[in-house]
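Participant: As they're listed, the protein sequences go chains A and B.
Anchor point for the first sequence: position 464 equals 462 in the numbering used here, and the numbering is continuous, going up by one each time.
Anchor point for the second sequence: position 101 equals 1521 in the numbering used here, and the numbering is continuous, going up by one each time.
Some hints here could point you the wrong way.
[Claimed, not checked] Calculated lysine to aspartate or glutamate pairs in the EDC-like style (CA-CA distance at most 16 Å, straight line):
(1) A:K712 / A:D536
(2) A:K163 / A:D178
(3) B:K1537 / B:D1453
(4) A:K565 / A:D536
(5) A:K534 / A:D467
(6) A:K231 / B:D1543
(7) A:K431 / A:D459
(8) A:K231 / B:D1453
(9) B:K1504 / B:E1575
(10) A:K231 / B:E1500
(11) B:K1504 / A:E226
(12) A:K349 / A:D459
[To be verified] Derived DEER-like restraints, expressed as beta-carbon distance ranges:
(13) B:E1486 / A:H602: 43 to 49 Å
(14) A:A265 / B:T1435: 28 to 34 Å
(15) B:G1431 / A:R166: 30 to 36 Å
(16) B:L1505 / A:P110: 57 to 63 Å
(17) B:T1542 / A:S112: 48 to 54 Å
Rather than coming from a laboratory, the hints here were simulated on the basis of the structure.
Beta carbons: idealized from backbone N, C-alpha and C, even for Gly.
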Amino acid sequence: MSERAFHSTLIEADEGCFEPERYELRSEPGFQPCEMSRRAFLQTVGVGLVVVLALGESPAADAAPRGAPQEIGAWIHIDENSRITVFTGKVEVGQGIRTSLAQAVAEELRAPMSSIELVMGDTDLTPYDMGTFGSRSTPDMGSRLQKAAAAARELLRDLAAAQWKVDRTRLVVRDGKVTDPVTGASTPIGKLTRGEKLVKTILDTVPTTPAARWTIEGTSVPRVTGHEMVTGKHRYASNIMRPGMLHGSVLRADRLNASLVNADTTAAAAMPGVTVVRDGDFIGVTAPDTTTAADAVAAIKSEWKAPPQPSSTTIYDYLKTHSAESSGWERGGARETGSVDPVFAAGKPLKATYTIAYIAHTPMEPRAAVAEWSNGKLTVWTGTQRPFGVRSELATTFQIPEEQVHVIMPDTGGGYGGKHTGEVAVEAARLAKAVGKPVKVRWTREEEFTWAYFRPAGVIDVTSVAAPDGSITAWEFHNYNSGSSGIGPPYDIPNQRIEFHPAKSPLRQGSYRALAASANHFARESHIDELAHSVKMDPLKFRLRNLKDERLLAAVNAGADHFGWDKRTPGLGYGMACGTEKGSFLSTFAEVGIEGPARRVRVHRLVTAFDCGAIVNPAELRSQIEGAAMMGLGGALFEAMRFENGKILNGRLSEYRVPRFSDMPSIEAVLIDRKDQPSAGAGETGLMLIPAAIGNAIFNATGVRLRSMPLAPKGVPA
Amino acid sequence: MAGTITLTINGSSRTVPVAPGQSLLIMLHDNLDMTGAKYGCGEGVCGACTVLMDGEVTRSCITPAEMAAGKSITTIEGLEQNGKLHPLQAAFMENGALQCGYCTSGMIMSGVALLRKTPHPTDAEIVRFMDGNVCRCGLHPHIIRAIRQVSEGGEHV
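So here's chain B without its partners, still in its complex pose (with noise of 0.2 Å):
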């Protein structure tokens, strides 16, 4: 390990070791064993590994750790608060939006993204902003429909 960064993690303060060219994403799943976060591409292209960096949608696996010196970081484990599920997390399980549950924590994490800049997006609006993230059981009506109940539900996100 080539040295270390300090950053938030869902709200915790945390220094973490990181190897050189490191990925934030393997630097979650192999120093922290935090593996919430998927890895399905390594190019930014599924979406699988998407957490939030200040609030951001961000591919985890194609950026540095040492980008995210600094940063708050929320990833899917973060999203849980007191026991009690987010909307989305919610919303996912209520309208049967996964199967396989590979990509569900990108895909929630996009959707929460998307939901707090727009809280009341269209169809077309969803379509758009999760059209990074791939769902290879073909869950793509169920998840909007989860995005489109919260958004309807006017639930805080």
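Chain A extracted, bound-state conformation (with noise of 0.2 Å):
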């Protein structure tokens, strides 16, 4: 399955030891087949030529849970205005894929991508999608809606050369218009169906154009939504109004894991306007607007009880201590290559110890959810990348037909990992039903930082030895509890023993960016350079010494040559990083210097070689590689959360430090075109190597190796 391949690029040896990361923060809810959305949409839709594709034997179909319908995979309309109307489950979270899928219709299609528009992660039109997450919005939904628009282009030449009565070989398809260069004769495409309404299912099975010869696809194509979000016209989930809509608020616990004691809702039932809904521990109000909903909860006396709980002091020792089956989204598991112990035994072993805090996605959007009940059919609009786990969570909720729910994801105001849960759909929803008009919910900063989830804390455990030539001959890697993506070498090493261990966590923990990947790029690149010192080998050239990986080396080489790891100046610090994860191969490489007597940590500059096969978009890709760069900069340097007893210490973006325009250093993507291999998704892995080319970079500048992320809060220590 499509999980498991990426998982198996760097374990293969024993596939299937590992679970697949899902990134889902619990298990899949029970699906009801909603057969009713294909029907409707059909129904709904107008005059045309409508191509739904079909899953065959695609190895993505797997990925679909238990019973999921997995029939479907996305669907086009090519209206009579030649107007063409992609329908897909998966979502724009600011990861471009709004623009590059529309690029794949419009290459097939040979149309232009003015005349293009997708429908993207509404539960009623588009077919279902498990959620976009995992980078596989690219590799499935890409090749998907590539077949569908080839398929969709060879039925309007099949059309066109029946109604001219023609050899259809001859015509040709472009700029949304079929042509017969022999006659001259050319109709726009959507005049092909006279009027009528032609449903045409294809199977996944269609041969695509190949990236070579990409016209459309390849290029930098501008962001379609650009024009409404520089106009501050696109509206967010938080900027949806309703006529009659009321704003809402939760009152929330005084800690983590804390249930009701009693509460006193009388002075903020007095309020004008103010409606309290109470329901068990459930309390929230409704109000005109927002502030007096945030004046009515704050009037609201509650007192609650808590069990003791560890703090971010003590986390990592407990996590050590506190083993649990399952994380939330994955068991634990193990694999062996040869024997590692005979060689510890042997030599002397290099152990060193890594450690992880949880940080929070802190998009810039808060969750917000607006939601309408009408004649027993719920509407929701939220910003999540899992509409369609958003709708079980609230047919599971409201105990009503998943037909009966309506979820529409506006592009949301950034995800990150951090916006696969529904519940600020669940609270507007409640709200909704008892009031009986439609409410709004907008978390606050703090909300989000506390009641939101985090990425996990880790402790990552590393025992190696490398030979006097630079060969490494065992390597065991134990992780607890970030997560097992990434978590295999992709070194050529005999001797391995690789285990997760999931833990319980104190903090509600889920999906981030290139999650598990990046605790385990950072202990394991860190563990490297360690390596390669205990050997006085450079760590460019021990690298390269035990890789084998063609495509992986290739990124190693194309990195080292853009930075000029062979003209590194003295007083400044260099460090290096590589690995493959998601179909993505690279490196990236870090120039950092040490300003001050807080010998605070400075990065100069950030390079990183990318492949990740035929490149759709090299503009985006490009941002996306960047992006990360600068995002990745927070979780390697400064970002942690600090916590104790169930209470949150530093849950204002006052108080949590996120890369600021001050801390920019220069970023420069070095872009690997692979047009002979698959593309691959690449929102997240440019993230994964920060940290550890950073601690790399702290520890040439230094001499001090720093183990823990975050790096350096307060400045490396003397």
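Fit chain to chain and form the complex, with the hints in mind.
Facilitator: Shown next as structure tokens:
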């Protein structure tokens, strides 16, 4: 299956020992087949050509949960005016997929970008999709839409050939028209169905245009939503207004994992325009505006009780001593190749422990939802990476069939893996149901910092041996809680023991951009640097000595050349890291300076060389790599949640430092376009090497080895 | 609603109801349905809510609505003139200076204020002026390029 496929690039020996990283916070709720939406769709859509892509033996089909309808990949509608509408369950969270998927359709249909519109993540209009995560949109949905559009193009050619009674092979589809070069006949693609609705279901086996012949894919098409973003016209979920809509706010516990002892809502209920809604421990209010709603919640007196809970200062011991069967999204697993123990017994193994703090996604737009009930049907607008998952959550909460729930996902203000859940949608829907009016709930930044979920904290123990010639002979790697994606080394090591140990997380944890891969690469690539020093080898030469993978070697060499690894200046710090994940092969090189008496780390330069197969949109790819580098600075250097006994201690943006303009290094992306390889999703992996590359550069500058992320929130210790 | 205030928004005089303690941002959102300025942090440290008040960069999420009485407010909705984008809006598009777009309104408003005060800022001046605006997608280098392009283009901002 697809999720397993990218794992198996690293864990080939015994594929299946590690569960695929599934990215959900909790297991998928029982799925109710929702064929209604397809029928409803076909009724809704007007005349023209409808191409429905049925999934055949596509490996991606397995990615859907058991019981989910798998037969529909996507559908495309071409109306009488030759407007092309693409319906996909994927969503746009800033990663640019709305643009790159449109490119795929434009390419195969030989149609202008301006004639294409994408309807995304609307549960009544688009085919079921498990969610937008794991960098699967480009490899899965991109290739499906290529096939659907290629099939549509061939159907158009058939229609024209039949109408003109000519050989189909001489017909040319270009610029939204079908043309016969012999007779000069030409007709817009929308006219070929002659005012009828023609529905064709095609299989997932259609040949598509090879990347070497792309003319629209492979180019830097500008972002299709740019105009509405720069004019402020785009309505995020938090900006949706409905007639008669009220604003909701929810009473929060004073600590995590607390239950309500008592609450006095008298004062809140007496406020003009305020309605208090109480249902067990859930207490919320509605009011005519956000300010009044917040004031009403503040006027509620409440008392809570909670068990004692661990703090951020003891978290790493806690994770190692509190094992769990599952981290919430994956179970533990281990694999062994060769035998490490005799090698460790014979030599002097290098041992080190690395730690990773919990961090918050901090999307610029906090969670928000507008809910509206009408005749028993619930409509919710919300920013989520899993609209169909949110639909399930709502159906389960309100005990109604999924057909009665319509989730609409307006392009959201940042996700980074942080918007997989539907809690705010449930809250808005509960309030809306109680007051009989549409209700918007928009979380405050403090709520987002406390009641969302975090990138998992983790502890990683590594033990290794390198022979005097620089070859790594044994490698043992134990990850506690961070997750198993990217856990296996890309190096050619004969003896390996790799294990993932899930733990009981005191904080709610879930997906994050390049989730476990960041933790595993931080530990591995830091340790590789240590190992190189232990045998007195240059870290680049040491890696080249132990790598076999041709694409990874190419990425390392391209990065080193561009960075100028051979031209390093004394007095500054230089570090590197490399790895492969989710179908991409990359290296990152860092230059740092250490400033002032506080020994503050100033990152001067980050170079990432990136091979993600055939490049769909170079400008957008560059933007993703550069953006990921900038975001990665935070987790590398200073981001960390502080907490004590169930209280988040830095749950405000003024207390939680994220990268800003003044932190910005020179960021350079070196793109390696492999037109002979399938396109991989590239929104995540640019993040994963930043911490190790910087940590290794700090060591190079100071001789101080930092093994905890964040590396230097208060400067480098003397 | 406790009362009303009268102010100028994007050139038009408006009388708007305000609730006690309401911020300028929430007034724009809830009472006027003007949602171009964004809520990001509620304490004036992310810049997503940035508007211009009498030409000055103002974090509307921590500015009481009453303080805007009699003032002239410019929001992102007021930058486009006669269907023509402001040069900085166009430069953001040309330089790919956005991904999710949620910080974009605030970034552009801050950038416009900078360019009106300092038509030819150095990179260090851009960084210093823009440091209160957060972009989580990490598009900082592109945003700086967009501001620099307008500065070098010499267009009236």
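Participant: Which hint numbers doesn't this structure obey?
Facilitator: Structure breaks hints 1, 3, 6, 7, 15, 16 and 17.
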